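Visitor: We have chain A already, so just place chain B on it with the hints.
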Amino acid sequence: MRVQFNAMRLRILFLTLITILILASCGNGNPQTIDGRAAEIYPPGIEKCAGSNGSTVTIYSGRTENLINPVLEAFACETGTNVQVRWGASTDLALLINEEGEKTLADVFLSRSPGPVGYLESKDLLGEISSETLDLVESQNRSAAGRWVGFSGRKRVMVYNTDEYSPKDLPESVFDLTAEEFRNKVALPGTNGSFIDWFTVFMDVHGKDVATQWLDDMVTNGATYYPNNRSIVEAAGRGEISMGLVNHYYNYQIKASEGNAHKAENYDFDNKDIGSLLVITAATILQSSENIEASENLLQYLLTGPVQQYFTDRTFEYPLAAGIQPNAALPELTALEIGSVDFDKLGGGFEEASRIIEASGILNK
Amino acid sequence: MSQIEIKRSTPVTLRLIVYAFAFLFSFPGLYLVWRNFTEESDPIGLISTQRVLAPLWRTVSLAFTVSMTTAVIGTALAWLTSRTDLFGNRLWRILLPIPLVFPTFIGAAAFIRTMNPGGLINRMLGGIGIDTIVEMRGFFGAWLVLTLFCYPYVYLPVAARLRQLPGSLEENARVLGQSSFQTFRRIVLPQIGSILAAGSLLVFLYTISDFGAVQLMRYDTLTRSIYTNRLINQSTALALSLLLLLLAAVIVLSERFFSKVTFTSEETLTGKPVRYTLGKWRIPGLATVLLVLLLSIGAPMLALGDWAADGISRTTRGGSPLTVDRGQVIESTWNTLSISVISGFVAVLAVLPIAFLVARYRSRTGSIAHAVVIATFAVPGLLIALSMRFWVLRTDWAFELLDNTKTLLVFSYIVRFGSLAMGVVLVAVAAVPKRLHDVGQTLGAKRPSRFFRIDIPLMAPGLAAAAGLVILSTMKELPITLLISPLGFSTLATRIFSSFEDAFVAEAGIMAVILVLLSFALTWFLVIRRADHL
Numbered sequence: 001m002r003v004q005f006n007a008m009r010l011r012i013l014f015l016t017l018i019t020i021l022i023l024a025s026c027g028n029g030n031p032q033t034i035d036g037r038a039a040e041i042y043p044p045g046i047e048k049c050a051g052s053n054g055s056t057v058t059i060y061s062g063r064t065e066n067l068i069n070p071v072l073e074a075f076a077c078e079t080g081t082n083v084q085v086r087w088g089a090s091t092d093l094a095l096l097i098n099e100e101g102e103k104t105l106a107d108v109f110l111s112r113s114p115g116p117v118g119y120l121e122s123k124d125l126l127g128e129i130s131s132e133t134l135d136l137v138e139s140q141n142r143s144a145a146g147r148w149v150g151f152s153g154r155k156r157v158m159v160y161n162t163d164e165y166s167p168k169d170l171p172e173s174v175f176d177l178t179a180e181e182f183r184n185k186v187a188l189p190g191t192n193g194s195f196i197d198w199f200t201v202f203m204d205v206h207g208k209d210v211a212t213q214w215l216d217d218m219v220t221n222g223a224t225y226y227p228n229n230r231s232i233v234e235a236a237g238r239g240e241i242s243m244g245l246v247n248h249y250y251n252y253q254i255k256a257s258e259g260n261a262h263k264a265e266n267y268d269f270d271n272k273d274i275g276s277l278l279v280i281t282a283a284t285i286l287q288s289s290e291n292i293e294a295s296e297n298l299l300q301y302l303l304t305g306p307v308q309q310y311f312t313d314r315t316f317e318y319p320l321a322a323g324i325q326p327n328a329a330l331p332e333l334t335a336l337e338i339g340s341v342d343f344d345k346l347g348g349g350f351e352e353a354s355r356i357i358e359a360s361g362i363l364n365k
Numbered sequence: 001m002s003q004i005e006i007k008r009s010t011p012v013t014l015r016l017i018v019y020a021f022a023f024l025f026s027f028p029g030l031y032l033v034w035r036n037f038t039e040e041s042d043p044i045g046l047i048s049t050q051r052v053l054a055p056l057w058r059t060v061s062l063a064f065t066v067s068m069t070t071a072v073i074g075t076a077l078a079w080l081t082s083r084t085d086l087f088g089n090r091l092w093r094i095l096l097p098i099p100l101v102f103p104t105f106i107g108a109a110a111f112i113r114t115m116n117p118g119g120l121i122n123r124m125l126g127g128i129g130i131d132t133i134v135e136m137r138g139f140f141g142a143w144l145v146l147t148l149f150c151y152p153y154v155y156l157p158v159a160a161r162l163r164q165l166p167g168s169l170e171e172n173a174r175v176l177g178q179s180s181f182q183t184f185r186r187i188v189l190p191q192i193g194s195i196l197a198a199g200s201l202l203v204f205l206y207t208i209s210d211f212g213a214v215q216l217m218r219y220d221t222l223t224r225s226i227y228t229n230r231l232i233n234q235s236t237a238l239a240l241s242l243l244l245l246l247l248a249a250v251i252v253l254s255e256r257f258f259s260k261v262t263f264t265s266e267e268t269l270t271g272k273p274v275r276y277t278l279g280k281w282r283i284p285g286l287a288t289v290l291l292v293l294l295l296s297i298g299a300p301m302l303a304l305g306d307w308a309a310d311g312i313s314r315t316t317r318g319g320s321p322l323t324v325d326r327g328q329v330i331e332s333t334w335n336t337l338s339i340s341v342i343s344g345f346v347a348v349l350a351v352l353p354i355a356f357l358v359a360r361y362r363s364r365t366g367s368i369a370h371a372v373v374i375a376t377f378a379v380p381g382l383l384i385a386l387s388m389r390f391w392v393l394r395t396d397w398a399f400e401l402l403d404n405t406k407t408l409l410v411f412s413y414i415v416r417f418g419s420l421a422m423g424v425v426l427v428a429v430a431a432v433p434k435r436l437h438d439v440g441q442t443l444g445a446k447r448p449s450r451f452f453r454i455d456i457p458l459m460a461p462g463l464a465a466a467a468g469l470v471i472l473s474t475m476k477e478l479p480i481t482l483l484i485s486p487l488g489f490s491t492l493a494t495r496i497f498s499s500f501e502d503a504f505v506a507e508a509g510i511m512a513v514i515l516v517l518l519s520f521a522l523t524w525f526l527v528i529r530r531a532d533h534l
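So the protein sequences, as listed, match chains A and B.
Just so it is clear: in the first sequence, position 4 is 4 by the working numbering, and no numbers are missing.
Just so it is clear: in the second sequence, position 320 is 320 by the working numbering, and no numbers are missing.
Just chain A, same shape as in the assembly:
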């Protein structure tokens, strides 16, 4: 009896599995209609999408789906291009593209920070972007060799706990954070990509010796290590730490969810200080891509007015093109910040910056 019963159950299970397998295989093309946040971008009042134009673009995106998918949906809807995406961490996707080489599915790689772009450039995997696309942004926000173009910016700021500090007690420069009054107060995201990018520029602007000395002094002064920006912003909101160097936009998202329970705000250093650097997110086209036209179209689309407006209003980033002004909620951006940095130098300096950060001992603090 028992054996028969089990055989029957096994058969049911098997049939269920087959059904699942069949049901699970379904594809996705370009959208028919547009709704949700994508409708903010394209085009106001029109609900029907363009018919397929027969082209496809495959994107490996280090920018997260929550932020950028509406933009890609709007692009697909407006142009009729079939858009396929692999989401992931920029670093891992760069490693994957390197592993895939010529056979990669990717046409376009979107990186949340310059480091992974520098890596792919050093492996000769990036193709040249047309000057028509490159010229949409200021010369400091694109590669001199035409390998990448910036499409939004994130500012380095200091997040602080509002119970412990008010802005008037905070210093104008990161160099002041090595003072005694900030002993055991500051958190640094030592292994985080944008922190390493930032430190690379720091070394470039002030010289390697000054930058290394600053970091060593921070460690001596009891700076704490956290693995990423988000965990610092959360810890500052709880009061676990007093302040930390992070990208500006995390605080907006967490405040939106937690409201008053999150007791942290952004503090903007002096506009001339390295601590208020703007770090860009970059778009690239792969050398091996066979869909150059669709890829160029996508890159240009990222730099159109509605998309740049979306970046600053919805994802609280700094627009880089089309004369769009940053959202009023963001810390002010001055001309000095943009234009002070040659991002092409990041590729080579990235490795050295990581070595210096590791040698400082911050990772074990």
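Since the hints were made in silico from the structure, they are not lab data.
Footprint (simulated), chain B over chain A, 3 or more residues, beta carbon under 8 Å:
#1 58 to 71
#2 101 to 112
What follows is a set of in silico ranges between Cβ atoms, one per label pair, in the way DEER data are often shown:
#3 G146/A / W57/B: 44 to 50 Å
#4 N184/A / R123/B: 19 to 25 Å
#5 I47/B / N53/A: 52 to 58 Å
Owing to the predicted nature of the structure, the values given are computational and were not obtained by experimental measurement.
For each residue, glycine too, the CB sits at the ideal point set by N, CA and C.
Guide: Just chain B, lined up with the frame of chain A:
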């Protein structure tokens, strides 16, 4: 037992199948050796430097401590819930496997948010004037979180075994005046020894492969060094990965050398498992189970549920809309469910031939295949994903057939998690009494018929537990899913990751809660219903 070796010759087809599987499972290892070669890395030179020795020592001490702790906790919980009259046993049995489903990167973050200074617990206790001062970080934090999320690797297989052990020996012991504790130590422990060792080994290997928890707890292990160096210093990262795999191989081999694997093929299956009355131990027993559940499910769920509730209330009172819509959540839930269930069952089928070879035929081929499958568990998911892409892209027919398909994804999951099924399936196979096969043969039943009518029914609880382990682990898997899945395929874990990366904590919370509910439904269906019927 030596009779088995003499009487049975290994079927050739079985051996060939096992060769093929062992080869497939060795892809990540071969990849690491090859890449170290092409990148001209220097693992030997690296090993003596302080840069490696210190993280290596931290890795080993953490893994050892976590596996010892989970061995004790897992066994205690398994015994309490499957062999005693503990209050609420059915519920505990559904809840106890669930911690396995938390991806460590968000599970540990949620745990920190609940437990650390200024966290949810702190705020609640602060209201009544109590200050918590313990901060979760470093060795202590990593140990606690990994123990709480990994004990099911021990609990599930041990519980499956305990529910199956014949009662006769234990009854005899009790009749002869042994106390419950003595009976456990002298009778039960030797019978669950091999599965307990296998489970603890998995915990050890998982701990050395984990990145999420050690990263958030800021404990500098070898895997963290691999992740830190992966882009900026690839040859170092590859050399460290190879060292990690060597460490795993050493551990797996020494475990096999030291543990006297006692196969109980001759045991007489008489009597139902003995149930013990807890008596005065009822309260401490219940307290243990509750404490583990509160810490391992309660603490992270408090934070995740809070985020989810914030998100839902935010939309209902007209705040900024969520960035994930219902259709996407349903699609990801369905993808998570289907791909993990398929992977769970295929993984069991994949390791079954190896288990047969090892347990029935004592074959050396089987032992090697077994060691390869188990040691691969120490390889971080990112490297499994890269190695799969590497081999598929370099083999034309595989590229045509597998590139950008779910088949490759399932295959990668199985390479990653096959080890979880291996130990449990092995014990399940070994526990089928040889006598029954002899009887079957005498009555004229052919091999396939005996397989379906003797082996499968007797092994069913073990196989279900094995599939369950793989399913729960696959549901939370992240690096492989991100890099190997067909374009446009998302799971709950990938959406949690996407949301969490840019601090969309409300969305991450909602999907983590769905993930936990899904695993709750699955453990109820798989572990409980099946086990109760058998």
